[in-house]
Amino acid sequence: MKMILFLSDIIVPLFIFYIVLYGFFAKLDIFSVFLEGVKKGFQTVVEIAPTLIALLVSVGILRASGLMEFICQILKPVGTVLKIPVPIIPVIFIRLFSSSAATSVVLDIFKQYGTDSEIGLIASILMSCTETVFYTMSVYFMTVNIKKTRFTLSGALLATFAGVIASIVFVGILL
Amino acid sequence: MIEYIWFFMVAGGIVFSAFSGNIDQITVCTVDSAKEAINLCIMMLGVLGMWSGIMEIAVQSGLIEEISKKIKPVLEFIFPNLPSDHKAWEYIVGNMTANIMGLGMGATAFGIQAMKELDKTNPQKGVATDEMCVFLIINISSLQLVPVNMIAYRMQYGSVNPTQIIAPAFLATSISTIVAILYCMIRQRKRRKI
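Line by line, the protein sequences give chains A and B. Our numbering numbers the first residue of the first sequence as -13 and each following residue consecutively. Our numbering numbers the first residue of the second sequence as -5 and each following residue consecutively.
It should be emphasised that the hints constitute simulated quantities derived from the structure, not laboratory data. The reader is advised that the hints may include incorrect statements.
[Stated by the list, open to error] Calculated cross-link-like contacts (lysine-lysine; reagent style DSSO-like; alpha-carbon spacing at most 30 Å): (1) A:LYS69 to B:LYS66; (2) A:LYS133 to B:LYS64; (3) B:LYS114 to A:LYS133; (4) A:LYS97 to B:LYS66; (5) A:LYS13 to B:LYS81; (6) B:LYS114 to A:LYS69; (7) B:LYS66 to A:LYS133; (8) A:LYS133 to B:LYS110.
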């Protein structure tokens, strides 16, 4: 376990080191190129800032109004039919909209059921194999001003759902 | 699509809050959320800025081109209609590589550039191309191999075996990505028939 954590610690410095080294030996003026890249990054942030405000405000309203909680309640019978453990349902739904909100629900689950319980494990694995659909789609599509997203949403939901099922099944096998 | 979801969240949320007695919270929360968004942007100016800088070195030095030559054969069946010499390839490869290694912001830096390059050859501006849909679906299926954040949380909350989830998470994320790829292949084949 220490090995894995060590490896993930050194990935960033290794990555940066390799790229800088490669660029240096490719006779690149790496300093100027780096600055060029940073400016592009700034541009990107400025471009996605409005989208971020739109997203966070809408998710905030959804949560503060209690509508998110309400929808989770409605989804509970659906989840039970599909054999999804009840506490997991809010995690799945919220995960589509906000990573931080989903994380706080998961931490609550840790507190209530324990990290190594069936529920705790499903929640952990679920968070690891999914992404925030709404956020990712909005940010990426808004940078190129695209409103018609065609089959992206269905594909994204399908992939997410597959991840959820896989998480539940694997924890069942594990325990 | 996005505008409908957004409308539902904002308008629906406000109406619901009137009935649930939470309407007084809306003002505070909208302002707080907006502030949070800008704080996030300030953080991103630094982090995304730095990663974009590193990425630019990787691209201009030809490193990404080299790596993409090797990975392209694998990716070509996911993006069958993308011309071999399309500028977006480098950024797609960079994005997926960074994602696999767990470098979230680095992946975003590449990913946004990839979208921009893909849009340059977009015949219908404002409408997503097949490649864009596929690219996003695969990104959302999550390519990250080692769930470092979840392991950290599990340690923090007293797990006896925090890394227990690595193998199942790896399998689960592989399955979601495989499902994503299969779906994309089916959707793209349908269009080519037409």
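### Task
Find the hints from earlier in the document that the structure breaks and name them by number, from lowest to highest.
Those not satisfied are hints 1, 2, 4, 6.
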